[in-house]
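Colleague: What follows is the residue order along each chain.
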Amino acid sequence: MTALTLTRAPGRRWSLPLAWAVLAPILVAAAAPELLAAVSPIATDPVNALLPPGAGHWFGTDQLGRDLFTRVVHGARPSLLLGLGATVLAVAAGALLGLAAALGGRAADQVVTRVLDILLSLPQLLLALLVITVLGGGVANVVLAIAVAFTPGYARIVRAEALVVRRSGYVEAAKGLGLGRPALIARHILPNAVGPLLVLATVGFGTALIAGSGLSFLGFGVQPPDPEWGAMLAEGRDFLATAWWIGLFPGAAITATVIAVNVLGRAAQRRFTRRTS
Amino acid sequence: MRTLAKRVGAGLAVLYGAATLAFVSLQLIPGDTVSTLLGPATTASAEVRAQISAELGLDQPPLTRYLAYLGRVVTGDLGSSYQLQRPVWQLIGDQLGPTVQLAAAAMAAAVLIALVSAVATAGRRRQVRAAATAWELVAVSLPSYWLGILLLTAFSFQLPIFPVIGAQDLPALVLPALTLGLPIAGVLAQVLREGLEAALAQPFAVTARARGLSQTAVRLRHALRHAASSLATLTGWLVGTLLGGAVLVETVFGRSGIGALTLQAVDNKDMPVVMGVVLLSALVFVVISNLVDLLYRVIDPRVRA
Numbered sequence: 052m053t054a055l056t057l058t059r060a061p062g063r064r065w066s067l068p069l070a071w072a073v074l075a076p077i078l079v080a081a082a083a084p085e086l087l088a089a090v091s092p093i094a095t096d097p098v099n100a101l102l103p104p105g106a107g108h109w110f111g112t113d114q115l116g117r118d119l120f121t122r123v124v125h126g127a128r129p130s131l132l133l134g135l136g137a138t139v140l141a142v143a144a145g146a147l148l149g150l151a152a153a154l155g156g157r158a159a160d161q162v163v164t165r166v167l168d169i170l171l172s173l174p175q176l177l178l179a180l181l182v183i184t185v186l187g188g189g190v191a192n193v194v195l196a197i198a199v200a201f202t203p204g205y206a207r208i209v210r211a212e213a214l215v216v217r218r219s220g221y222v223e224a225a226k227g228l229g230l231g232r233p234a235l236i237a238r239h240i241l242p243n244a245v246g247p248l249l250v251l252a253t254v255g256f257g258t259a260l261i262a263g264s265g266l267s268f269l270g271f272g273v274q275p276p277d278p279e280w281g282a283m284l285a286e287g288r289d290f291l292a293t294a295w296w297i298g299l300f301p302g303a304a305i306t307a308t309v310i311a312v313n314v315l316g317r318a319a320q321r322r323f324t325r326r327t328s
Numbered sequence: 002m003r004t005l006a007k008r009v010g011a012g013l014a015v016l017y018g019a020a021t022l023a024f025v026s027l028q029l030i031p032g033d034t035v036s037t038l039l040g041p042a043t044t045a046s047a048e049v050r051a052q053i054s055a056e057l058g059l060d061q062p063p064l065t066r067y068l069a070y071l072g073r074v075v076t077g078d079l080g081s082s083y084q085l086q087r088p089v090w091q092l093i094g095d096q097l098g099p100t101v102q103l104a105a106a107a108m109a110a111a112v113l114i115a116l117v118s119a120v121a122t123a124g125r126r127r128q129v130r131a132a133a134t135a136w137e138l139v140a141v142s143l144p145s146y147w148l149g150i151l152l153l154t155a156f157s158f159q160l161p162i163f164p165v166i167g168a169q170d171l172p173a174l175v176l177p178a179l180t181l182g183l184p185i186a187g188v189l190a191q192v193l194r195e196g197l198e199a200a201l202a203q204p205f206a207v208t209a210r211a212r213g214l215s216q217t218a219v220r221l222r223h224a225l226r227h228a229a230s231s232l233a234t235l236t237g238w239l240v241g242t243l244l245g246g247a248v249l250v251e252t253v254f255g256r257s258g259i260g261a262l263t264l265q266a267v268d269n270k271d272m273p274v275v276m277g278v279v280l281l282s283a284l285v286f287v288v289i290s291n292l293v294d295l296l297y298r299v300i301d302p303r304v305r306a
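Top line first, the protein sequences correspond to chains Y and W. The first sequence begins at 52 in this note's numbering and counts up one residue at a time. The second sequence begins at 2 in this note's numbering and counts up one residue at a time.
Bear in mind the hints are in silico, worked out from the structure with no lab data behind them. Using N, Cα and C, we set each Cβ at its ideal position, and we do this for glycine too. Please note: incorrect hints may appear among the correct ones.
[Stated by the list, open to error] In silico contact screen, one side only, chain W against chain Y (beta carbon under 7 Å); selected entries:
no., residue
1, Gly12
2, Val15
3, Leu29
4, Gly32
5, Tyr70
6, Ile150
7, Val248
8, Ser282
[To be verified] To list a few chain Y residues with every Cβ distance to chain W over 10 Å, as calculated:
no., residue
9, Leu86
10, Gln274
11, Pro276
12, Gln320
If we strip away everything but chain Y, and leave its shape as in the complex, we get:
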């Protein structure tokens, strides 16, 4: 159909390799930062403070003379872990809640759906801030706060998928063959209801990364002097007038990661819909 060929996004041929090319060094930086930058990311050198990018310091230095390239490289792991931890928690909790709603009977479904409606009506960042007000700041609490904010969205999708899967032919067939309820859920309903969730979680990871670094930017997550992309942006804010590079590179790292992850997530989404439709 013409509509289909029209909506097909152009430039797909090179977008996937490009996304991996961007992501690869970031993943290396997260796994083994010493490989890319051997200096300590918190070693200060006041004599060389606020140097512009150049041969000695590729990304320049900050107000304490710390090498920005080193800090961006070492910031990869905490930044990615904030987003990854929150996404894993949110997906797990969302899957549990969604399955409980879809398979736990009418009353359970009513309760879970109502609670989800309320949580989904609040801004995610506000929900996260509410959790932080209760628990306080710190890396673990920020991860938990973002997970709480993202769980309702995942739960709603799992619930909808599980409701469809539950009525599908193969589940009926398995039931007819005498498969017990736990095995039915574990072997048939869970894998098929969670599939689309994992695809969405890729794009969700990008959003969680922005949220995690955002909360660090606001001062709740990773604390200075430890390098984290959002926290680095917060530290650099007071020096924007004289040193643009402090505000540029950590944010570019976040954005590049999120763009690459979004490209991969959308590709996964397309493959998934092609397979199922």
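With chain Y fixed as given, assemble chain W onto it according to the hints.
Modeller: Relative to chain Y, chain W alone:
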């Protein structure tokens, strides 16, 4: 009439849920409220503590406190800020203006950018659509706090066009509104463009074109209306992004507003203020989504029936 009653009921349910969520959060705070209230450097005696506790009704059982709290919320009493010792609704009222201004300007910018981008690029040549997809992707991937820093660096520090941090007049609104609006524009443009492309492939678009309407007229008069209805599903996300984003954007630009108030309250564990903001955003969500529902009926005659 029945749909109206249903809708009001659903709205009230969301508000009640938000109020309950806020109350539960308050109960979950570790440590006792009186200590939080008095701060760490207190020398208050046990009697004073007991008196404060009785004044706030903290010696009552949770259910009694919950009902009393709901009663106060219904009458519009959101309590007083621990830190600033002023009624919460007053604090929120004082800060509402700048945030509404920011959100409205951001929304206007987002809609304008998205409209121009979608109408200009939908169903065009391959390269044009590739460019549109690319900018939409970048816009939705940009963290607003970084975009704000970039715009400040470029247009306030390198080229002194807009005032630096802190000002509240109209020129000072431009960069914050763009910062808040651009990521939203990316999403809107994408949805609008895809909606337009689907609409342009429909027979009615071909018919309109055959009647002699220009390509642009078909887009603006026929296809756009079709595409706009798909935006209605985004309302909840939109309200959330504007309100949540305000916290970050107000921080980056040193603006006052609900976001800055919230952040300060979270920092100081000033729970009544945070609870008030939660209730406010639930209220805004309910009001806006109902307004959009009404508007949707105007745009799309098929849902009227």
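Colleague: Take the hints in turn and mark each one as holding or not.
Modeller: Right, here's what the structure says about each hint:
no.: 1; hint: Gly12; verdict: violated, 10 Å
no.: 2; hint: Val15; verdict: holds, 5 Å
no.: 3; hint: Leu29; verdict: holds, 5 Å
no.: 4; hint: Gly32; verdict: violated, 10 Å
no.: 5; hint: Tyr70; verdict: violated, 16 Å
no.: 6; hint: Ile150; verdict: holds, 4 Å
no.: 7; hint: Val248; verdict: holds, 6 Å
no.: 8; hint: Ser282; verdict: holds, 6 Å
no.: 9; hint: Leu86; verdict: holds, 26 Å
no.: 10; hint: Gln274; verdict: holds, 14 Å
no.: 11; hint: Pro276; verdict: holds, 20 Å
no.: 12; hint: Gln320; verdict: holds, 13 Å
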